[in-house]
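Engineer: Chain A is fixed; fit chain B onto it per the hints.
For the record, the sequence lines run as chains A and B. Per the working numbering, the very first residue in the first sequence carries number 1; after that it's consecutive. Per the working numbering, the very first residue in the second sequence carries number 1001; after that it's consecutive.
It cannot be assumed that every hint is accurate.
Distance ranges between label pairs, derived from CB positions [said to hold, decoys possible]:
{"id": "1", "chain 1": "A", "residue 1": "Phe41", "chain 2": "B", "residue 2": "Asn1046", "range": "30 to 38 Å"}
{"id": "2", "chain 1": "A", "residue 1": "Ile75", "chain 2": "B", "residue 2": "Ser1203", "range": "50 to 58 Å"}
{"id": "3", "chain 1": "A", "residue 1": "Pro56", "chain 2": "B", "residue 2": "Asn1046", "range": "32 to 40 Å"}
{"id": "4", "chain 1": "A", "residue 1": "Phe71", "chain 2": "B", "residue 2": "Glu1195", "range": "53 to 61 Å"}
{"id": "5", "chain 1": "B", "residue 1": "Gly1205", "chain 2": "A", "residue 2": "Phe22", "range": "17 to 25 Å"}
{"id": "6", "chain 1": "A", "residue 1": "Pro56", "chain 2": "B", "residue 2": "Ser1074", "range": "47 to 55 Å"}
{"id": "7", "chain 1": "B", "residue 1": "Leu1212", "chain 2": "A", "residue 2": "Thr45", "range": "16 to 24 Å"}
{"id": "8", "chain 1": "A", "residue 1": "Pro56", "chain 2": "B", "residue 2": "Leu1212", "range": "14 to 22 Å"}
{"id": "9", "chain 1": "B", "residue 1": "Glu1214", "chain 2": "A", "residue 2": "Phe22", "range": "26 to 34 Å"}
{"id": "10", "chain 1": "B", "residue 1": "Phe1142", "chain 2": "A", "residue 2": "Val63", "range": "38 to 46 Å"}
{"id": "11", "chain 1": "B", "residue 1": "Asp1213", "chain 2": "A", "residue 2": "Leu58", "range": "19 to 27 Å"}
Mimicking SDA-like on lysine to any residue, the simulated pairs with C-alpha atoms at most 25 Å apart in a straight line are [stated by the list, open to error]:
{"id": "12", "chain 1": "B", "residue 1": "Lys1054", "chain 2": "A", "residue 2": "Ile30"}
{"id": "13", "chain 1": "B", "residue 1": "Lys1054", "chain 2": "A", "residue 2": "Thr45"}
{"id": "14", "chain 1": "B", "residue 1": "Lys1054", "chain 2": "A", "residue 2": "Gly34"}
{"id": "15", "chain 1": "B", "residue 1": "Lys1054", "chain 2": "A", "residue 2": "Ile39"}
{"id": "16", "chain 1": "B", "residue 1": "Lys1054", "chain 2": "A", "residue 2": "Val19"}
{"id": "17", "chain 1": "B", "residue 1": "Lys1054", "chain 2": "A", "residue 2": "Thr38"}
If the Cβ cut is set under 8 Å, some of the chain B residues that face chain A in the computed set are [stated by the list, open to error]:
{"id": "18", "residue": "Tyr1097"}
{"id": "19", "residue": "Val1099"}
{"id": "20", "residue": "Glu1214"}
Please keep in mind that the hints were generated in silico from the structure rather than gathered at the bench. Just so it is clear, the structure is predicted and the values come from calculations on it, not from any experiment. Don't be surprised by glycine CBs; every beta carbon is placed ideally from N, CA and C.
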Amino acid sequence: MMNRLRLARKIIQWLLLAVAVFLLITGLGITYYGAVETISFGLLTKNLSHQIHTAPGLWIFFVVLLALHIFLPFIGRKKN
Amino acid sequence: MKRKTALILSSVLLVLLAIGGCNGGADDLAPAEVREYEGENLSSINDFRENSIKGPQYVDINDYQLQITGLVESPQSYGYDEVISLFPSYKKVVTLYCVEGWDVTILWEGVLVDDLLAAADPMPEARIAIFHAYDGYTTSLFLDYITDNNILMAYKMNEVTLPAARGFPFALVAESKWGYKWIKWITEIELSDDEDYQGYWESRGYSDSGDLDESFFD
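This is chain A alone, in the form it adopts within the complex:
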């Protein structure tokens, strides 16, 4: 049980980091579109960055991950 919880925490940690970085990059893709478009070999255009960055689903996923990341460590903690 504890091992599964630890694994879940790890997955959430890394997913949260990935989503945060993704949100950051797409945000920069709106404001610094020239640089981001060049770095991404033209894949991440301003329009695409905008659509991804403002997609409600991504933000909901981010908030859920953040909430799990904050509260999961309290689950299964033994009381002294």
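Structural biologist: Just chain B now, kept in the frame of chain A:
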């Protein structure tokens, strides 16, 4: 090892955040600007965020000509002073809303695009005006919209001559449209019957109409 990886990733994240936080704000441009007009508070001309496709353009006013071309009976070409002296000027307070999320309320002063076009005698089949800028940027607006809304081509903002970064010599005040319709450094207005024409951002997925009350995505 994992801790080290996490530390490295966190550092990269922090650096990206720092870059994101650097606004690249413009230098102080004009201390003489007005900040209130008829009881309405105005933004500063420094409150804009520079996001043009090739950075601020510095137009040599001695060589500058504004061309009115396309579906017109008599194509016109005006120097900067000619535009200001030949056509009546108007003022209005209009807010620019950028798709990036910021907005500025400015007192604009300029000439009516409609007056400029009328002087060139548009052909009956002309439907849209394609605006060309010094940096290669283009956008288009329907002639009906330009006429119905008294659209200005501004040469002053907050009682100060348009600075280079804000579109000197002329910038469009495309009220009730998203910011990408507010073309700066205008060099040519071309009349066309091609209602499907797409400008720079429009051809990259942004809405053709650019109406504020609609999504800016196509």
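Engineer: Taking the hints in turn, state whether each one holds.
Structural biologist: Against the structure, the hints:
no.: 1; hint: A:Phe41 with B:Asn1046: 30 to 38 Å; in the structure: 35 Å, holds
no.: 2; hint: A:Ile75 with B:Ser1203: 50 to 58 Å; in the structure: 51 Å, holds
no.: 3; hint: A:Pro56 with B:Asn1046: 32 to 40 Å; in the structure: 33 Å, holds
no.: 4; hint: A:Phe71 with B:Glu1195: 53 to 61 Å; in the structure: 55 Å, holds
no.: 5; hint: B:Gly1205 with A:Phe22: 17 to 25 Å; in the structure: 19 Å, holds
no.: 6; hint: A:Pro56 with B:Ser1074: 47 to 55 Å; in the structure: 52 Å, holds
no.: 7; hint: B:Leu1212 with A:Thr45: 16 to 24 Å; in the structure: 23 Å, holds
no.: 8; hint: A:Pro56 with B:Leu1212: 14 to 22 Å; in the structure: 21 Å, holds
no.: 9; hint: B:Glu1214 with A:Phe22: 26 to 34 Å; in the structure: 27 Å, holds
no.: 10; hint: B:Phe1142 with A:Val63: 38 to 46 Å; in the structure: 41 Å, holds
no.: 11; hint: B:Asp1213 with A:Leu58: 19 to 27 Å; in the structure: 25 Å, holds
no.: 12; hint: B:Lys1054 with A:Ile30; in the structure: 15 Å, holds
no.: 13; hint: B:Lys1054 with A:Thr45; in the structure: 16 Å, holds
no.: 14; hint: B:Lys1054 with A:Gly34; in the structure: 9 Å, holds
no.: 15; hint: B:Lys1054 with A:Ile39; in the structure: 17 Å, holds
no.: 16; hint: B:Lys1054 with A:Val19; in the structure: 30 Å, violated
no.: 17; hint: B:Lys1054 with A:Thr38; in the structure: 14 Å, holds
no.: 18; hint: Tyr1097; in the structure: 14 Å, violated
no.: 19; hint: Val1099; in the structure: 7 Å, holds
no.: 20; hint: Glu1214; in the structure: 15 Å, violated
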